[in-house]
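Be aware that the sequence shown starts at 1, since it is given in full-length UniProt numbering, and climbs by one per residue.
In case anyone wonders, no lab produced these hints; they're calculated from the structure.
Careful: at least some of the hints might be erroneous.
Claimed, not checked - Taking lysine-lysine pairs in the BS3-like style, the calculated list, with each CA pair at most 27 Å apart, reads: (1) K75 with K39; (2) K89 with K23; (3) K72 with K15.
Just so it is clear, the structure is predicted and the values come from calculations on it, not from any experiment.
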Amino acid sequence: MYVIVPSKRFRRQVKQLRKADSKLLDQLNGAIETLRLGKTLPRQNNDHSLMGSMRKFRECHIAPDWLLIYRKDEKVLLLELTATGTHTKLFD
């Protein structure tokens, strides 16, 4: 089981999401719980590694245009939650 370490940015984004869309927040929490337990996300989440300067991180789709960026440290069982949001907000 992984220990969850949310970034300040992630906590702020979740706070905004909590006010805006509880269904999406439930889906996000479900994906995080799956990752915390060390399980593989369903294929529909399109979990994949990022490239370039973000190559140490992974991205999964919570909804078609809602992402979770995270990093797993297998050695110390940490799950670092980096950011969540739309493609536009995260990569522009």
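| Between K89 and K23, is the straight-line Cα distance small enough, at 27 Å or below? | Satisfied, since the Cα-Cα distance of roughly 20 Å is no more than 27 Å.
| Given pair status - K15, K72, alpha carbons within 27 Å | holds, 23 Å
| field | Pair hint outcome, K75 versus K39 [Cα-Cα no greater than 27 Å] | value | holds, 16 Å
Going down the numbered hints, you'll see the structure goes against none, and every one checks out.
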